[in-house]
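Novice: Now for the letters of each chain:
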Amino acid sequence: MHHGKYRFVLSLLLVPVGLYAVFVISPYLQAFSIALTDWQGMTAESHFIGFDNFVKLFHDPVFWTALRHNVFLLVSIPLVIVSLSLFFSAMLNYQGGVPGSRIYKVVYFFPSVLSIAVVGVLWQFVFEPRNGLLNGFLQAVGLGDLRQIWLGDGKTALGSIMAVVVWGGVGFYVVLFTAAMSAIPKDLYEAALLDGAGPWQSFWRLTLPLIWGSVQVAIAYLVIGALDMFALVQVLSVGPGGPDDATQVISLYMYTNAFTYGNFGYAAAIGVALFAINLILTLLTFRLTRRERVEY
Amino acid sequence: MSTDGKVERRTLLRLALAVPAAGALASCAKPASKAAPAAQAGSKVDGAKALEFFNFDGGYGKAWTQLPLDLYRQEFPKADVKLTSGQKLQQQLQPRFIQGDPPDLIENVGLDAAALASQKQLMDIGALLDMDAYDQPGLKVKDTLLPGVAEAGRYDGVKYEMPYVFGVAGIWYSQPLMDKHGWTYPKHWDEMLALCAEIKKAGIAPWTYQGKFPGYLTSPMLMTAYKAAGPDLKKKIDNLEPNAWRDPALIAAAEGYQELASKGYLLEGSQALSHTQSQTYWAQSKAVFIPCGGWLENELGAIAPKDLGMTMVPVPGLSSADKAPFETVTGGPGGALIVPAQAKNPQGGIELLRIITSKKCMRNFTELTKSLSVVKGASDGVALSSANKSMQKVIDEAGTNIFLDWSFRLWYKKLLDNSDKAMAALMNREVTPDEWSKRMQKFADETAKDPSIKKFHA
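From first to last, the protein sequence lines are chains A and B.
Count along the first sequence from 1, add 382, and you get the number used in our numbering.
Count along the second sequence from 1, add 31, and you get the number used in our numbering.
Pulled out of the complex, with its shape left as it was, chain A reads as follows:
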């Protein structure tokens, strides 16, 4: 009975799709219309001002600074995290898994179970310039000259926050890649070995092509994540977003415009711009990372 089946499926879908439409899709759509107004967010009153917010955005130096930081992050974070995770998982899988690899996997995964706010607060203590773990460690091992104000100095602030993202992100992708790697049949490696391939070659010629699907997904996720960064910057940075916009990112600038400057129309315009950038980059990522699918 096809009829009954589809009715059943539809009725099950209706509630979640309805909720999604009301709480996710409709605010997204409303952002587009709010972006065309001068709404200040304290009354229901607003005026249509056309594309003025977007013109202003185009000439706003802080927006460009924030965008530059996001672009820097979305290039460097996937690069660093994917390389590190590939390295770690290749090591864990080397010759069928090093001793204790299961324990390492769990340890690497630890940061992923912490909420982002907890991670931020924890690292606040690490970066604390006087008694913090990092400066304390440098002092203890005789590298006192390398002590920095980390988050308080414009030269080190963004890099410090990026380090936290890497610390928190690597574990998840190690687990993802190790799972993908362990699914590769062992006889492929044996065949490669007989053909005279060393570990380096078998990684590049065999492992990487066979897990490319996972790597592609990882890059797409990390690119989207790098465009956000709101929570960590908000918790960790001076200002926040500082010192002097050194850690400013688009999502935080949107929040500041809405909730500090009371300029919701402009904030919505920033949101719309972010949406467009996000869309383009995601499509681009999949385009650029597309490869021949290898079947095995």
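If you are wondering where the hints come from, they were derived from the structure by calculation, not from laboratory data.
Treat the hints with care, as some may be off.
Said to hold, decoys possible - Here are the simulated DSBU-like pairs of lysine-lysine, each with C-alpha atoms no more than 35 Å apart in a straight line:
1) A:537 / B:119
2) B:445 / A:387
3) B:317 / A:438
4) B:266 / A:438
5) B:401 / A:537
6) B:190 / A:537
7) A:438 / B:401
8) B:190 / B:337
Said to hold, decoys possible - Here are a few chain B residues that face chain A, going by a calculated C-beta distance under 7 Å:
9) 306
10) 307
11) 311
12) 315
Claimed, not checked - Sample of chain B residues lacking proximity to chain A, with all beta carbon distances greater than 10 Å (derived):
13) 160
14) 215
15) 278
16) 390
17) 399
18) 408
19) 451
Backbone N, C-alpha and C fix where the C-beta goes; we use that ideal spot for every residue, glycine too.
Starting from the known structure of chain A, fit chain B onto it as the hints suggest.
Specialist: Chain B alone, transformed into the frame defined by chain A:
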């Protein structure tokens, strides 16, 4: 839908019914415009109406609200009196303002009062000043207040905010620490730098500040410039006049404060310390001076050693050629209680305001929060701490040389935010004092030119 391409009619119908309902829900984000009711302040309180007081549960906590709320309940036993609290007012109350359902009285920290006033969301509470004082027969409310309180909290002349604390902002040090080393607090910046050199030799950091929130250091720096240039500077800055930030006094003050960083007079890492971290180090005598408002003692709480001897003094001037006296301080009435124009029971809100500003309740406030209040004689007989005694002295010595704050900080949120950013750049030595002043001028010009920002005048 079904495989044969036909959509079942009943399903479609149900969907059609669901869409408008979802639409109504979804449109909650931004409803249609509604006119604010034209309530008149000072008219009779309806004792049967519910009353809601929203308290900022921050530095002063909420214990002090108990007494005034109880007194309101006694006066109107039928009223359902409710206390709500929070620390994120913007996020908590903004939706309620948009829906037209704000609380009846708000202890405001975080909502942009200038924006609220310009969008006609606040009640003119001027009538309160002419009402009878709650517990001092024969006196009007305005007669019971300290000087400047009735004038404070006005936007374009209309009284929208009622202050309740009375405090000053300045520089704090520990008296026993200063005495131990035989140091005396300097009145001018060059002497300050000389003293800093001496303090550094003694192995203590001369200064620290709340680097994560650089505005804490902007206040004293602007004050040093004010003393050098005289009151005209403030007027020019607040009115966004061309080239106001290019004043030589401001550049000289910026130079002086940057030297704290360049000469190593700051506690190491100050630029990245939060307010609690830096204040804690200060209380542990790791640094001698810290800028802060009158709430420092309450905020430190048990962290401060009992024999710290917290003392507040005015910010040093620039040189002996200063145009304003050393005793000048910012401060006076502080805090803001506001009654929303769209409140359900604004009369009740104003009545609660009248109760809160009674001598009895303000005395209770001082006892609980260790902070001075806006009502004359309310702290008489309350044992004052060393911090409060020093503040009282600063207030007495200032006489009329006291002003509330730089108005641009209250009126133009974005300019204030930009001044924080510029201050961070100055203290990180990423800009020279001259570049700092150029940047501030650019920000001020942008504010002046932006038609979407409502302008006020000093």
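Novice: Need the list of violated hint numbers for this structure, in ascending order.
Specialist: 2, 3, 5, 6, 7, 8, 9, 10, 11, 12, 19
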